[in-house]
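Both chains are given apart, each in its own frame, so use the hints to dock them into the complex.
So the sequences go chain by chain: A and B.
Numbering follows my numbering, with no gaps: position 134 of the first sequence is 134.
Basically my numbering = 1-based index in the second sequence + 1000.
Worth flagging that the hints you see were computed from the coordinates, not collected in a lab.
As the structure is a prediction and not an experimental result, all values here were calculated from the model.
The beta carbon of each residue, even a glycine, is placed where N, CA and C say it ideally should be.
Errors might be hidden in some of the hints.
If you want the footprint, here are the derived chain B segments under chain A, 3+ residues with CB under 8 Å [unchecked claim]:
#1 1162 to 1169
#2 1199 to 1208
#3 1217 to 1224
#4 1440 to 1454
#5 1521 to 1530
Negatives, chain B to chain A, calculated, CB over 10 Å [as the list claims (entries may be wrong)]:
#6 T1065
#7 D1091
#8 R1247
#9 P1250
#10 S1258
#11 E1263
#12 R1273
#13 D1410
#14 P1509
Which residues of chain B face chain A? A partial, calculated answer using Cβ under 10 Å [said to hold, decoys possible]:
#15 A1048
#16 G1058
#17 E1062
#18 I1249
#19 V1409
#20 A1412
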Amino acid sequence: MGRLILRRLLATVPVLLLVTAGVFALIHLTPGDPVDAMMAESQDAAARESLRRELGLDRPLYAQYAAWMGRLLRGDLGRSIRNQEPVVENVGRRIRPSLELAALAMAISIAVALPIGLITAARRNTSIDRLGTLFTVVGICMPNFLIALLLIFLFGVTLRWLPISGYTDPLEEPLAGLRSLLLPAVTLGLALAAVVARTLRSSMLEALAEDYVRTARAKGLSEGAIIRGHVLRNALIPVVTVVGLQLGTLIGGAVITEYVFALPGVGRLVVDAVFARDYPLVQGVVLLIALGYILSNLAVDLLYGWIDPRIRYR
Amino acid sequence: MASTARGDVRARAVSRRCFMRAWAGLAPLMAWGPSGVARALAQPAPAAVKRGGTIRVGFYIEAATMDPHLSGSKIDRQVYHNIYEPLVTLDDKLGIKPGLAESWRQPDPRTLVLKLRSGVKFHDGTDFDADACRFNFNRMRSEPKSVRKGEVASIESVEVVDAYTVRLGLKRPDAALLATLTDRAGMMVSPKVVQERGGELERNARGAGTGPFQFVEWVKDDHILLRRNDAYWNKQGGPYLDQIRYRPIPDDTVKLQSLQSGEIDVMDYVQPRDVAAVKADRNLVAVDVPSLADFAYQLNHTRPPFNAKPLRQAVAYALDLDRIVKGVWLNVGVPANGPIPPTSWAYDAATPPIKRDLTRARARLAEGGKPDGFSFTMTTNNIPINVQEAEVMQAQLAEVGIGMKIRLVDAATLISDGNAKNFEMISFQWSGRPDPDGNTYQFFHTTPGTSLNWSGISNPQIDALLDRTREVSSQGERKKLFGELTRILQDELPMVFIIHPVEPKAFSPRVQGYDPVPDGMMRFKDVWLK
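Next up, chain B with everything else stripped away, as it sits in the complex (with noise of 0.2 Å):
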């Protein structure tokens, strides 16, 4: 108790917790280094910014739920970052900061430490504390609902240490939970609200969540709204809006559209083909962000013709993917030279994408015994820049005397034909994790049965590194492995890589203090309406 170290020593007078508090908010300043202290101070005095307006944002499709812990869907998560918060969140440089959590350790490479930030309250106005922290993992692996099971599956125990800690017990080395604490698996539920409304969260998360925003209503296929909330933890810089107000707007002309007329404020994904008409239009604000994203297509090695590596390797050699990011993509995004996006830290620049070589593309074809080439079915998702897609990599690849024949089914097909390993070769589109292990470990790392790794891997090398990954700790060691795994899947190819897209959005100039950060989540505390 009486141990010096920053963040282990409890406050108890008046004097003492505000100092605290000061440490605390100065944390994230400290992990930032010296040019985000830079950057940080670099930033417009407060007083130009104006309290108040409601911001309206436009998304693609209707929010699935809102609990944390049962969500699937991307656009759930978009909402939850305003009005819940998570243990630990990221940077514009993908580093871990402290969220509700001001500090963590590692004593063991099985056990990590959490101090929980104090003087929190949920919008109920509970207290935010270790017993809640505990009651949100146990709720996250035991709920029968619960998606988050794989993603917490490395937690063994949680114990509460006193009031503000907690310590995870983990069956094996982690070293990409904290990155997943960052998202829906670190996100803080108030108790109270999920032991009196149960199943009832989905639809209504009033008080349930800690963030600079609290959840007002939800009208289905109409709106979410959310409002301020005063009483947030963190005095440092916003929330300063009044309201924020979600909509679902399925087409993406008339979204823009009604961006253009003024009706929303911000849309959350500019399409490839109305980049170019954004960037030219000065009532707009276009906001270019990089994202974690792969795009890729998985081959099956369970059988032919692609349990054969010199014909997944002509395919990888046909195609032209600086052609198709041009073509199609229209340079929103590059070639990809595998899983992992240049926004991460893992990523490496040493590897270049496979360029196009015709002349190996037909000796792979002979040395796979089909020096005239051969055909295979490609099952893609019914939308159009996919097919637009699909047909430029037929043209490529039947320039090598590949057929490759497009079958165009919906979504729910897509995933169940990958599931059941029903394809020979199958659109991929991962949205992507902070951490590399979520681009990487479950698609490549052997499983049996049903699983996300469609193509069906196994190599025990690539299983090795995998493991590996996982059980070193230091940042500089993980990258020279996924260096190495980069390579080998670029030999190997589970998946033909494609693209890392980038996610535009666009913003009407009077939004102002937009942050984007790569996880293409719209963190609203800062922005301000002019």
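Chain A extracted, bound-state conformation (with noise of 0.2 Å):
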């Protein structure tokens, strides 16, 4: 397990150097440089050039990238063009939101997605499974922003239930931070759960279908007790991959929602970063995000093994 460990993170230096080297030619070669974006009222072209002399974005493009990477190697990945703020910084405020939100949508998504999926596979062809179906199609194929606005329609301004927009940290403020995230965390939870709850429906029926459940149900063995003991556990696989997937991409920020919602995660911090050719936070967050999907898929990977016996990596 140690060694497998190991061998995959030493596996994630190459992709590393290779999507800091992407987003690095990606944002430069953009049209626009954050001199630009900064001094855009201004006629001053002395000042613009002695700016970007300073900022070192004169010098040719692999000077440039060796010198990123050369600060990047002593762990510094420099300080954001706009506020002088080092990244790490800029992105440490911004996580936390973010992971907040990416906690809550998840086990909204999961305390949603679970049941509808027994359920509708347990009765498949019935009526149930119409109404759960529908539901996940419904999940699937709204845009994020339209459910986000319905909701904030029904429970902030018409209900007045809940804080329409702004973030109150949780683990402050409990009651009021829980509050302000509900909304945003619901939005995403409910697409997210449409996508978990078919995965799961479709890999139950997969299993429901094997010989050892037929045996188990001669043996006289309830349906519940089926489902709890033997066929959840096999049919967890496609969902912990599915989940798995959606949790890295939480962790990037689900920008249009923070957007819609005012919430200040890393989402809308890189969004409006590469807005601006921020270059070094762009980068440094792109970095950031790519470790932590990394990251993520390692563990989905380690539970696999904790799930399915067969599944050990030598």
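This is the structure we're talking about:
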């Protein structure tokens, strides 16, 4: 197990190199640079040029990349061009809302998806199944922002039960924080739940068709006992895969949800940074997101081994 | 020292100081004139005003910096006008009123002498005086990251005459300088804060201003908090509010819903599509603020097709400004006849906006050698209203055979392409400046190299006119010059002007005492909550 983890971590290095090189090239080759964005209303060409020199933007691309990699290897992700604060501090401030939102959304999605997936699989082709399918189809097809605006309109404007936008940290003020995150988490969670429920349903149906299930039924076990004891664990592998992938994207920041609900998360941070061509911030954030994604995938792979003893890596 | 000229006498005895302060208090009334005084006296008696409360303001993006000398963003200015004060301020007719400078005079066209208000303290307790004033000007001119350099470029020297008098020596006559000093270029920051805090001033402006409110904290992407300055020098009127809380809410619909549900009290800008709904809502108050802005499209004079004047005019005649303003902007604004908005004293009401005339358009096409039309690419910002406007223009131009391809880009790319003259026609939305010079000179004067003159126009007649508007100080004469400029611009067409937008703001009915100024800045000094 230890060797597996080590091997996987070593394998992340070339992946991260590719990611950083790719992002670096993309953001630097896009027209416009941070000086243009910051000094848009200034006609002072000399001031712009001197700022460019100060930021090292007048050097050739490979030199800039080498300089950035050099700093990176020393553990320095650089400073945001716009606010001069270290990238790590910028991200650190914004990662908490994103992680909290991701965790809450994931919890809601699993809490909603598991029962729906189970019931629709157990009661296949009945009206309950059709209702569940309707829910999943709507959840997958409805755009994120539409769900968000409908929820805001219902719970924020009409019923006034929940705040419309803004963020309070649940770790500091549990009740207020939870209220501020509830609508965005439900928005994200419903969309994810739809996918998870679908996946669970189909993998459950597959597992229920296996021979050992027929044997168990013949032995006299109740349907519930069969599902709990035998089928569920086998059906979970595809579900864990899907959940793992979703977690990766959630960590990256649910940009649209963050915009609509004015949450100060990582998604908004990186999009605003791209618009402002804040190179160090974009590169740093993408690197960290890629790292997060890889680590969550690693965790998912390890989880496979726990769920299904047949899957053990050598 | 014994001079009797108002504002030149230095107060000594306490009683004389009070007398002088009373004069200073009346000076704004004198600037307004008799009708202004009548209007001021007609205001509701202060007894109805209630002190206290926190007003919550929603903005569309987060502020960028709290340092007015380094700021390039419009949102920053909204906060600045409550914590910092400029040397001179604007009234609602765009006239210049005393601010931290209680009076000024120009002994000759290249000198400006400012008499500063005494008894004003920065929020950190230090005095505002001529030394502080000089410190600020020098910082604007020499600080490497200063964005104000271009605005104070005409200032050659700053001299302290006495504790409350500053003499600015100008490189050339600059009739627009005073208007520039009504905004960031005239805002005074505490030298002590700058020296002690340096770069941290961008995030933390505690103690730095002289305004009716002072900076408390800025939690990035969450809120900016200001609180009342109880030691504010101006004892007339407010400030009444305890606190002001600014929140960035990027989504327009959510911002409006926040206002409707009572989570915020003020919205800085209502989208044209929401204006009708806001006006119909009895729980909201909508205020139309005609702005200083002009929205236009720059045409590249340095390469085909728009290096040919007839083709530029063909485009101008083929567009239907009335339809665009009505259909896209829902009449939240007026068609533009040029760069100067109707809110400005320099607006030329005698020159109407270019009216659609397909016959003339076709004639110009023929004159330009393209009787069957031609095609070009238009670059614009990828926001919904710009896209709608582009599509309408595309349809209008197609009627005379001009094919317009639409290229959607983000803001940074737009700026970069404009600066590099990498476009044929490009969207240009200028938020506007109080003096007409700010809407004209840098765009139409011949300027080699990278500049805001994206079109590349170089016309000696226009250059001469623009230079003259800076030299002449009489408003009447400048107005005539700007009128002539407007006419020439409609012929030469460095830009096709579309609209002078109105900036509607929306308030909760609890908000009282708001006085809209066309620069769109929300000053909360005399605002109170019911």
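Status of the hints after comparison with the structure:
Residue count for the stretch 1162 to 1169 of chain B with a Cβ under 8 Å from a Cβ of chain A: 0. That is fewer than the three needed, and the coverage hint is violated. Counting residues of the stretch 1199 to 1208 of chain B whose CB falls under 8 Å from any CB of chain A gives 3; the rule of at least 3 is met. With 3 residues having a beta carbon nearer than 8 Å to a beta carbon of chain A, the stretch 1217 to 1224 of chain B meets the requirement of three or more and the stated coverage holds. Under a criterion of three residues with beta carbons nearer than 8 Å to beta carbons of chain A, the stated coverage of the stretch 1440 to 1454 of chain B is upheld, 6 such residues being counted.
Here the stretch 1521 to 1530 of chain B counts 0 residues with a CB under 8 Å from a CB of chain A, which misses the bar of 3, and the coverage is violated. Consistency note on T1065 (chain B): stated as away from chain A, yet its beta-carbon is not over 10 Å from all of that chain's, at 8 Å minimum. Chain A leaves D1091 (chain B) outside its interface by the beta-carbon criterion, the shortest separation being 24 Å against a cut-off of 10 Å. A beta-carbon of chain A is positioned within 10 Å of the beta-carbon of R1247 (chain B); the least distance is around 7 Å.
Taking the minimum C-beta to C-beta distance to chain A, about 5 Å, the non-interface status of P1250 (chain B) is violated against the 10 Å cut. A beta-carbon of chain A comes within 10 Å of the beta-carbon of S1258 (chain B); the shortest separation is about 5 Å. Consistency note on E1263 (chain B): stated as away from chain A, yet its beta-carbon is not over 10 Å from all of that chain's, at 6 Å minimum. Distance check for R1273 (chain B) against chain A: the nearest CB is about 15 Å away, which clears 10 Å, and the non-interface claim stands.
Not every Cβ of chain A is farther than 10 Å from the Cβ of D1410 (chain B); the closest lies at roughly 6 Å, contradicting the non-interface assignment. Listed as outside the interface, P1509 (chain B) is consistent with that label: its C-beta sits roughly 17 Å from the nearest C-beta of chain A, beyond the 10 Å cut-off. Against a cut-off of 10 Å between C-beta atoms, the interface hint on A1048 (chain B) is violated, since the closest Cβ of chain A lies about 30 Å away. Interface hint at G1058 (chain B): satisfied, since its Cβ lies 9 Å from the closest Cβ of chain A, which is below the 10 Å cut-off.
Taking 10 Å as the C-beta contact cut-off toward chain A, the hint placing E1062 (chain B) at the interface holds, the least distance being around 8 Å. Nearest Cβ of chain A to the Cβ of I1249 (chain B): about 5 Å, under the 10 Å cut. The hint holds. Evaluation of the V1409 (chain B) hint against chain A yields a held restraint, the C-beta minimum of about 8 Å falling below 10 Å. This hint holds: A1412 (chain B) has a C-beta 3 Å from the nearest C-beta of chain A, less than the 10 Å allowed.
Going through the hint list in order, the structure does not satisfy hints 1, 5, 6, 8, 9, 10, 11, 13, 15.
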